[in-house]
Structure formats: structure tokens, C-alpha cells
Amino acid sequence: SPMAAFGAWYMGRATSRGASDIADAYAKAGGTASETLSELRTVAALGLEHSQQEKYSASLEAARLAGVIKNTKVGFANGFLFASGNIMMAAGFLFGGFSIARELEDTTKTYPFFPGGEITVNCASGAYLEGGPPDGWTKCTFNGGDLLIAMFTLELGSQGLGLVEPAVTAFTKARKVCYEILKLTDRIPDIDCFSEAGLAPANVKGDITFDNVHFAYPSRPDQMVAQGYNLTIAAGQTVALVGA
1 SPMAAFGAWY
11 MGRATSRGAS
21 DIADAYAKAG
31 GTASETLSEL
41 RTVAALGLEH
51 SQQEKYSASL
61 EAARLAGVIK
71 NTKVGFANGF
81 LFASGNIMMA
91 AGFLFGGFSI
101 ARELEDTTKT
111 YPFFPGGEIT
121 VNCASGAYLE
131 GGPPDGWTKC
141 TFNGGDLLIA
151 MFTLELGSQG
161 LGLVEPAVTA
171 FTKARKVCYE
181 ILKLTDRIPD
191 IDCFSEAGLA
201 PANVKGDITF
211 DNVHFAYPSR
221 PDQMVAQGYN
231 LTIAAGQTVA
241 LVGA
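Numbering (the working numbering), first residue to last: 1 to 244.
Please note that a few of the clues may not be correct.
Here are the simulated DMTMM-like pairs of lysine to aspartate or glutamate, each with C-alpha atoms no more than 25 Å apart in a straight line [to be verified]:
no., residue 1, residue 2
1, Lys173, Glu35
2, Lys176, Asp24
3, Lys73, Asp21
4, Lys109, Asp135
5, Lys55, Glu39
6, Lys139, Glu118
7, Lys55, Asp24
8, Lys28, Glu54
9, Lys176, Glu61
10, Lys28, Glu49
11, Lys139, Glu105
12, Lys173, Glu61
13, Lys139, Asp106
14, Lys176, Asp21
15, Lys55, Glu35
16, Lys183, Glu35
17, Lys173, Asp186
18, Lys70, Asp21
19, Lys70, Glu54
20, Lys73, Glu155
21, Lys28, Glu180
22, Lys139, Glu103
23, Lys183, Asp21
24, Lys73, Asp24
25, Lys28, Glu39
26, Lys109, Asp146
None of these hints come from the bench; they were simulated from the model.
These numbers were taken from a predicted model, which means no experiment stands behind them.
Let the sequences and hints guide you as you build the complete structure.
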């Protein structure tokens, strides 16, 4: 049925897009949380706790909205699938009922029956005569039983399509994760670190110099961390910077 096919297509589309949007939002929120916790001292020193909290909450809100939109669309698709089954049954019973009635009317004929007698039968009633159907009688192309079987098959099939949503969601999530992993593993860097082509200096020499550096964290502007800090590291020199 075109209606059931459209409902199944719309459900698959809504499920895949919704799952992808939710996964992206949760991944962004997880990245924010991981980044904040791993660099907690730096976040606290820079006074970014509230900013990171708002960033994390915004990602969770995006995930919530994506879930609401996805469930709304999936609910509409489920309702459309179940409704399409009922609509198909109603249309099928109307069409089948009129077709059976028309065939019964068109096949109603009077046949000679027993010596000197006649009987009027149609394509259905002739099969139930005790002496068998009369000569020239033909069976109906389909009957009420065939119609019921066909309609209930369509009904169960259309309703069964509505049960594929959990499987489609799981498949979409797995596909999204695999895509990200394969994109990472198949990535070809613009710079080939193993290439020996191009110009390469025979000798590199450089010094690192800090000259009169003043610095304070935004969260504690009155406490200077560096006041006129000076440091010179000569090329080839190994220096360890240790601080609390």
C-alpha cells in the first residue's frame, strides 16, 4: 500500500535523523564535560565555571529538543501506519463487498435441474447444492473468506511496520558511530610526516626568551603570578619549569 510505504519511509527518515541529532548533541555535551573535568584547575583559575556550565546545559537542551522532535515525528509515523491499516481495511471491505455483490448478481442464472425442473443459483450458492452444481455453473473468483484473509494480512503487516522503530534507532546509532570511526581511520593528513620530500634545514638553532612578563588570572587579578618574569633558554639547553 502506498500509505503504509510512505509511513514506513517517514518513520525511518525521522528515526535516523533524530538519532543522529541526539548523538551529536550528547557527544558535544560529553566533550564539554570531559574537557572541563580534565582541566578543572585551569577552568577555576580563569573563572569559567559558569561559562562551561552554560555550554554543557545548552548541549543537553539541544539533545532534549532533538528527542522531542524525533519522538513527535515517530509518533506521527506510527499513528499513520496504524491508521493506514484501518483505512485500507475499510476501503478493501467496501470495494470487496461491492465486487462480490456485483459478481453474485451477474452470475445469478436459472439452470435446468432434475427432469422438468429449474433452479436459480449464483456463483456461490451453486456449490452447496446436494446433487452438485448444475452444468455450466462457474465458481466465484473470490469470496468473503478470501477478502477477510487479504484485509487482515494488510492490517497486521501495516501494524508490524510500526514495531521496527527500536531496531531502526539502534541501527542508526551504530551507523553513526561507525561513520565517525571510519572517517577518523581513513583520514589522509595534508602533511605527510613520513615524507622526505621538500627542503629541510641542515641545522636548527634558536633561543627562547621571556622578557619582563607580568601575568595574573582573571579570577584573581589582585594576585600577580608573574611580576617582571625573565627567562632565557639557550638552544640545546634542557630546562624544567616547576610550579604549584
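Going down the list of hints, with the structure as the test:
no.	hint	verdict
1	Lys173 / Glu35	holds, 24 Å
2	Lys176 / Asp24	holds, 9 Å
3	Lys73 / Asp21	holds, 14 Å
4	Lys109 / Asp135	holds, 12 Å
5	Lys55 / Glu39	holds, 15 Å
6	Lys139 / Glu118	holds, 19 Å
7	Lys55 / Asp24	holds, 14 Å
8	Lys28 / Glu54	holds, 13 Å
9	Lys176 / Glu61	holds, 21 Å
10	Lys28 / Glu49	holds, 17 Å
11	Lys139 / Glu105	holds, 13 Å
12	Lys173 / Glu61	holds, 19 Å
13	Lys139 / Asp106	holds, 12 Å
14	Lys176 / Asp21	holds, 10 Å
15	Lys55 / Glu35	holds, 12 Å
16	Lys183 / Glu35	holds, 22 Å
17	Lys173 / Asp186	holds, 20 Å
18	Lys70 / Asp21	holds, 9 Å
19	Lys70 / Glu54	holds, 24 Å
20	Lys73 / Glu155	holds, 21 Å
21	Lys28 / Glu180	holds, 14 Å
22	Lys139 / Glu103	holds, 10 Å
23	Lys183 / Asp21	holds, 18 Å
24	Lys73 / Asp24	holds, 19 Å
25	Lys28 / Glu39	holds, 17 Å
26	Lys109 / Asp146	holds, 23 Å
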